[in-house]
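As you go down the protein sequences, you meet chains L and H in turn.
Terminal number for the first sequence in this note's numbering: 234, no gaps in between.
Terminal number for the second sequence in this note's numbering: 1249, no gaps in between.
It cannot be assumed that every hint is accurate.
[What the hints assert, rightly or not] Chain L side only, calculated, beta carbon under 8 Å to chain H, not exhaustive:
hint: 1; residue: Asn46
hint: 2; residue: Thr101
hint: 3; residue: Ala121
hint: 4; residue: Gly125
hint: 5; residue: Thr129
hint: 6; residue: Arg132
hint: 7; residue: Arg135
hint: 8; residue: Val148
Derived by calculation from the structure, the hints in this document are not laboratory data.
Quick reminder that beta carbons are idealized off the backbone N, C-alpha and C, glycines included.
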Amino acid sequence: MVAKVGTLDVRPALDLAPLLLSLQIATLATIVSAIVGVGLATLLANVRFPGRDLVDVAVTAPIVLPPTVLGYYLLVAVGRRSFIGHLFEAVFGSPIVFTRTGAVLAATVGALPLVVKSGRAALEGVDATLVRAARTLGASPVRAFLTVQLPLAGRGIVAALMLAFARSLGDFGITLMVAGDIPGETQTASLAIYDAIQEHRDQAALIMVLSLTTIAIAILYGVNKLTARASDAR
Amino acid sequence: MPAEADRTLHVRARLRPTAGFTLDVEFDAPPGVTVLFGPSGAGKSTTLAAIAGLARPLAGRIALGDTPWFDAEQRVDVAVHRRRVAYVFQSLALFPHMTGTANVAYGMPPSMGRDARAARAAELLGRLHVAHLADRRPPTYSGGEAQRVALARALAIDPRAVLLDEPFSALDRELRIALVAELRDQLRDLGVPVVFVTHHRQEARALGDRLVILDGGRVKSLGKVQDLAPGPADMSFDETPLDPDGALR
């Protein structure tokens, strides 16, 4: 974004676009990882199936793999020549990679392990006898889950989603690999900080750094409050 | 009410809840209270779990009258939530996030409608003298109060059978005896089989009609609770001497 100040063309110190884009992408990524992540967490916590340990490892791997490696896999999986990428482009008319969709996907992959790990722990932390009691009272497995296990794991799951949001907000590597660094399209705050530093726009970098730090710390504080109350309630 | 034979619970089951332990039991529980008496680790709770459908036997048949709930040979295994067996757990397992009313109404059919369910819950809470807990949640209950709400919740499903797994164990002795005395008539009036697990002989005598003694996963003897010698007031099974042939002295 360029503004005219006097006769000089200068980049404004405060460009909120990357920050707003980050919040938008993080929100979408959190919604997607809530649906997929809580689903996977439920599957892993409640259903014994062959290959359960492998699914657990596959879902957790993004915590330890380098972002470039994850980005590579995503490019292979959803790139324009891949089956999924091709299908997506045919249906929606735009590719996944190097678009906002790609940025959301990248942020989701980074956030998903947090939701699955913490969500599973929260679900497994609910006294199994309560679920059994619900079943003897006539509840189907689905009703017992929705009315007893899920609400009692609620705080833990909300805490997991807050962490997921914070993680999505800060993603750099996967986003860069899959969505690129396109200003106004996929340039999130963490990418914009890098660019600002490269271009010696220290003040712009500092503002975004402080914004991201504030949001992250506020979220962590909230998560601590939530989980402390969750363990009190037990 | 159907004939007594149609309301008798037939239990024949073999289970292996843990690697080193095999449970092999067979007994009938007609309407009235059948006490499952035995030391800890005898397989009492596992037997209840099999009746409720929470544990699947390796072999055997569990039926109410002629209706099988589980039959290994006929491959019948009715799901837990379709058996309508009230189960009061040792820990009571009240839902901590629901009010007394919501706990009691949980097992009532949705077709009853909201108001009817609330009215029925209020009636049951009143009958068990805990009407004041309708709007309070379980973490605020005393031991005896939690007990009564758990019983109200179990009775609310209009059960075909009632299973009680040492539901009074958390209470002190005085309260336990008072509750047992109060409960006796309520359970008899239901006209369904009640299987009551305990290792307290006084509870067994006060509440039960028939007696099934379990030890080491086997039925040691069948009889009447009167056969259980009075013994010291609160002596539990673990302190009760057994004759070599398994009869209680």
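These are the hints, each one checked on the structure:
1. Asn46: violated, 14 Å
2. Thr101: Interface hint status for Thr101/L: violated (38 Å vs cutoff 8 Å).
3. Ala121: Status violated, d = 19 Å.
4. Gly125: violated, 13 Å
5. Thr129: Nearest chain H Cβ about 5 Å off; hint holds.
6. Arg132: Arg132/L check passes; min Cβ-Cβ to chain H is 6 Å, inside 8 Å.
7. Arg135: Hint holds; Arg135/L Cβ to chain H Cβ min 4 Å, cut 8 Å.
8. Val148: Holds: closest Cβ of chain H sits about 6 Å from Val148/L, inside 8 Å.
Checked against the numbered hints given earlier, the structure breaks hints 1, 2, 3, 4 and satisfies all the rest.
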